[in-house]
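Protein chains: 2
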Amino acid sequence: MPTLAERLGFAATDRVAIVHVDDLGMCHAANEGGFEALVRGPATCGSVMVPCPWFVEAAERARQHPELDLGVHLVLNSEFPRYRWGPVAGRSAVPSLLDEAGYLPRTSLETLRRAKPEEVEIELRAQVERALEAGIDVTHLDSHMGTCFFPPFLDVYARLAHDFELPVFVVRPDRATLERAGIPGALEVFRRLVETLAAGGIPVLDGFDANSLGFREGDGETHNLARLAGLAPGVSYLICHAARDGEELRAITPESAHQRGFEHRFYGGDAGRRALEQAGVKTVGMRAVRELLRAERRPPGGDR
Amino acid sequence: MPTLAERLGFAATDRVAIVHVDDLGMCHAANEGGFEALVRGPATCGSVMVPCPWFVEAAERARQHPELDLGVHLVLNSEFPRYRWGPVAGRSAVPSLLDEAGYLPRTSLETLRRAKPEEVEIELRAQVERALEAGIDVTHLDSHMGTCFFPPFLDVYARLAHDFELPVFVVRPDRATLERAGIPGALEVFRRLVETLAAGGIPVLDGFDANSLGFREGDGETHNLARLAGLAPGVSYLICHAARDGEELRAITPESAHQRGFEHRFYGGDAGRRALEQAGVKTVGMRAVRELLRAERRPPGGDR
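Going line by line, the protein sequences match chains Y and L. In terms of the numbering used here, the first sequence is residues 19 to 322. In terms of the numbering used here, the second sequence is residues 19 to 322.
So that you can see chain Y by itself, here it is in the shape it has in the complex:
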């Protein structure tokens, strides 16, 4: 069977990055920086946080730019201490998804401790449906803070992929990666997820680099050149959080404002484009993966 890279038209030995902007809609700065990266920079796709206050602006920009490749960043957390959001399905519909203050919990572990999988499914379906209703041509799904990757929620994640016929951010698991991600013991569950997805014709990615925010001020270029150099052959999800640095972003997340601002400048302009070229990394978006999925799921010549 040809590799995912080959099925997308690349060579099996190519290193192919899905340059992905997380957190669109999270705040105005995320929309300003994130959409600039998508429109002008080498970022190929991004995903939108439906429960967040600035989602409506993100959807408006998506409608203005239907060529953009946008998915739904499935949200089970509201992580910042002073800027909060609640579930889309409504607090009384999904009470197990709320923390003491009435918002989605701040950490993945708190969501894991509280959330009933059936309410997770209600909420995440509502997020996808609201994105579609808002006119976003949803190309893929992924998981904010990786909370969907906890074993109790993996089935929901897989069901959404099947039901909406969408590729998801998921890779073949290995023990070390899962341990680093804070979900040890999930190897077998994860393997089953990948098998279920593959059996249903949902493509599984070859790798990822989620180390988007782990650098000190001034080290952005070095850090990101190393990320590009570290990509293995195959199709990898390269996560970034491009957002315009400024007073709003600093108020929400002083811890990660400079990193998000750097990624805005780097993946929103020529610096990132040149770095990808010089590293010999090719790029692709999730819409191409979705079209592959839908083409492969249907017999040639069959009806849509």
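Just so you know, the hints here were simulated from the structure itself, not pulled from any lab data. Be a bit skeptical, because a hint or two may be false.
[As the list claims (entries may be wrong)] Quick list of simulated restraints, FRET-style, between CB atoms:
1. Y:198 with L:99: 39 to 45 angstroms
2. L:237 with Y:134: 53 to 59 angstroms
3. L:132 with Y:134: 28 to 34 angstroms
4. Y:200 with L:151: 27 to 33 angstroms
5. L:82 with Y:200: 29 to 35 angstroms
6. Y:155 with L:169: 40 to 46 angstroms
7. L:99 with Y:58: 20 to 26 angstroms
8. Y:251 with L:57: 54 to 60 angstroms
9. L:135 with Y:237: 54 to 60 angstroms
10. L:132 with Y:181: 29 to 35 angstroms
[Stated by the list, open to error] Away from chain Y, derived, C-beta distances all over 12 angstroms, residues of chain L:
11. 26
12. 134
13. 164
14. 223
15. 224
16. 298
17. 316
Built from N, CA and C at the ideal position, the CB exists for glycine as well.
Using the hints, position chain L against chain Y.
Just chain L now, with coordinates in the frame of chain Y:
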């Protein structure tokens, strides 16, 4: 019977302003500018929008400054086009309070058209209760965009005042004011509200000036000096919307950013303090009105 001004320790002929900051919690800029007006400026009290994304920050500042005089700005609208919020009670609990996009409606009239009074009551009680749970010593209630003043919602407003033993922003109505406010035909309903409140020991204010945002850039001082000059004897609610002007505020409300920014500088510092003095206007907060209400409702020496 002595006037409200006299019961608060002023002379009946004094012009007394409740210098009130609306929209705390609406955004970070509203918290920055609004709390500065309360802590450093002549603003005497303000009210917090519980359903808004930055409510948690407002509550945190309220806990840090328990001396501040803060009420709940009862919210039935989410008026800005790209920055939205939903009800506190949860979308499935109060479906008549949602617009097509799933948020509180953008205009008062749309709320009037959609909202069932019993769901308005569920939502507004949830807002007051969440403010209390967040540690805010709620001193009063008022109504964001005046939506509670539509006749179908007036009984809810009065019941909340009674049940929580809180003064509300309300004045004796006259036909011209109600017509200017876009609620003609409400005179009799409004009169009954005021009678109900007064009979229950809830003080009614003598006047108000809500013309906080109606001036062009550069005209802020002239406009606000005229507002102060126009106050009649008695206790008047002087509404302002102090917020820090900047990128966040401009993104949310380009139409009213310079006015909110001016009011932050004016009512957040010596200019407003001097202007009040020179106009001979005295000031008081709603906590004093609440203490008056609670004292008058109880027989001398009776149990709390």
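Hints versus structure:
Restraint check, residue 198 of chain Y to residue 99 of chain L: a C-beta distance of roughly 42 angstroms satisfies the suggested window 39 to 45 angstroms. Roughly 56 angstroms separates the CB atoms of residue 237 of chain L and residue 134 of chain Y, a value that falls within the hinted 53 to 59 angstroms. Distance hint for residue 132 of chain L and residue 134 of chain Y: a CB-CB separation of about 31 angstroms, consistent with the stated range 28 to 34 angstroms. The hint said 27 to 33 angstroms for the Cβ distance between residue 200 of chain Y and residue 151 of chain L, and at roughly 31 angstroms that hint holds.
A C-beta distance of roughly 33 angstroms is found between residue 82 of chain L and residue 200 of chain Y, which places it inside the suggested range of 29 to 35 angstroms. Here the CB-CB span from residue 155 of chain Y to residue 169 of chain L is close to 44 angstroms, well matched to the stated 40 to 46 angstroms. Here the CB-CB span from residue 99 of chain L to residue 58 of chain Y is close to 24 angstroms, well matched to the stated 20 to 26 angstroms. The beta-carbon spacing between residue 251 of chain Y and residue 57 of chain L, approximately 59 angstroms, falls within the hinted interval of 54 to 60 angstroms.
Checked against the given bound of 54 to 60 angstroms, the beta carbons of residue 135 of chain L and residue 237 of chain Y, roughly 58 angstroms apart, stay inside it. Range check, residue 132 of chain L to residue 181 of chain Y: Cβ separation about 31 angstroms, and the 29 to 35 angstroms hint holds. Chain Y leaves residue 26 of chain L outside its interface by the beta-carbon criterion, the shortest separation being 35 angstroms against a cut-off of 12 angstroms. Consistency note on residue 134 of chain L: stated as away from chain Y, and its beta-carbon is indeed over 12 angstroms from all of that chain's, at 16 angstroms minimum.
No Cβ of chain Y comes within 12 angstroms of the Cβ of residue 164 of chain L; the nearest lies about 23 angstroms off, and the non-interface call holds. Non-interface status of residue 223 of chain L relative to chain Y is upheld: no Cβ of that chain comes within 12 angstroms, the nearest being about 32 angstroms off. For residue 224 of chain L, the shortest C-beta to C-beta distance to chain Y comes to about 37 angstroms, beyond the 12 angstroms cut-off, and the non-interface label holds. With a minimum CB-CB distance of about 38 angstroms to chain Y, residue 298 of chain L clears the 12 angstroms threshold, and the non-interface call stands.
Every C-beta of chain Y lies more than 12 angstroms from that of residue 316 of chain L, the closest at about 33 angstroms, which supports listing it as non-interface.
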